[in-house]
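S.K.: Sequence:
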Amino acid sequence: MGPRRRPRGPGVRRSLAGVLLALPVLFSGIGGTPATFADDIRGDIANARRQQQELQEQIREQNQAISELRAAEAALQDALAKTGEKLDAVNADLTAVRAQMDQAEAALRKVEERHAHLVAELEHLDWTLGLLEDELVSAEKDLAGRRRLLAQRLEEAYRTGRTSLLEQMMASDSLSDVLANVGSHLRFGTQDAQLASQIERDQKQVDVLRKQTGATRYKTDQMRVEVHRKSLDIQAQQIRLDEAKKRLEVLEAETKRLQAQQMATYEETLETREQQEKVLLEQRSAQLKLKGHLAWLVKELERRGNIPSVYNGTFEWPMVGRVSQEYGCTGFPWEPPQGSCKHFHKGIDVVSPWGTPITAAADGVVIFVGYNPADPPPKKAWIVLVAHSANLVTWYAHMQPRTPPGLREGTAVRKGDVIGWEGSTGRSTGPHLHWGVQLDSRFVNPRLFT
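Each number in the numbering used here comes from the position in the sequence shown (counting from 1) with 8 added on.
It is possible that part of the hints are untrue.
[Said to hold, decoys possible] With beta-carbon atoms standing in for the labels, derived distance ranges:
#1 Ala89 / Phe340: 16 to 22 Å
#2 Glu324 / Pro413: 21 to 27 Å
#3 Asn71 / Ala261: 44 to 50 Å
It should be emphasised that the hints constitute simulated quantities derived from the structure, not laboratory data.
Cβ atoms here follow ideal geometry from the backbone N, Cα and C, with glycine treated the same way.
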């Protein structure tokens, strides 16, 4: 029989009891946590944050692009509206309509360009968002793996703590050896506690990123809806523009037809350039005489107080129809030269059905009614001249040789009063009204007053 073991003293038993009370703290102290799990999750979260920041920047750019698209679309809507207004205007100026339509076309192309850029950016945004969602999925998988590992470590610590440590403490004669082993387990327990805290912090970060990602996905979905709506708007605007083009093409074709008809009619009456030049010289001489007579009449009316010194109002079109010739340079040989233009038309020609009533463009006093003394015989145009102020007179030519009852020189007329009917008197190529506006003894574009 070997030597009897000396009984443990009360101090050792008390220490052992203290260690036993500390066992719950040691349950998480066995194993070892691979560093790769921590590295993986931190890398995933860092990547997710970076992707989220990139997304926010892209969304800001998308919002700016959408704002620019809206501004471009507003400009397009304005251009289309103005195009429609000019097309619908009385006696539309087709040159101005064409210019406005070109502006609308350019505005539409700009909208399409911005829309295409927005679509491309939205696709890139979706791609970046997909990367972020993949990073979050990876991070959540890593977190789940870390939680499983921690659970395994705690379970192993619990089993080890109930066997190995207890056996060591019961069998060991040295309390210092027991405490050394306990200290080692305590260090591992502290690491597990830190790991648990880190998992909790990482989970919160992932939850925040997941929430931000959901909000970002909602924003991109809203953008996609708006981009699709803009695509439909662009299609509708293209249809509007195409319809306006068709209307303009019809008007231009009709105007060309009228002009060709006028040219053919004129060429039938004047066969040689010599005849044309002779007529123009005779007309110019007669117009100078008429101009002097009209200036005297206007001064008399102003002296008597029948007309104001200045007219500040606007004009109404004296007749609604199709404009066959605008004010300005023209290719028609029967018009006289002016400035750099070989032939210059000093008014606007409007075509309507024969006999359409012609009205005064504004309030004024009739200063002449009858055949134009400036026209060479035998083709003299029937004209009516209305003075609206001391320096503003409107001309109405090629009318039928008759007047409404009571209309004569000195008659005061109101805007819209009938002063005659469309005809084809004088050197005319068909029924139409030549409307001229004389300002300070010079003919100007009537459209300046409409």
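S.K.: State for each hint whether it applies.
M.R.: Now for the hints, and whether the structure bears them out:
The beta-carbon spacing between Ala89 and Phe340, approximately 34 Å, falls outside the hinted interval of 16 to 22 Å. Our hint of 21 to 27 Å for Glu324 and Pro413 holds, since their Cβ atoms are close to 22 Å apart. The hinted window of 44 to 50 Å between Asn71 and Ala261 holds, with their beta carbons roughly 46 Å apart.
In this structure, only the earlier hint numbered 1 is contradicted, and the remaining ones agree with it.
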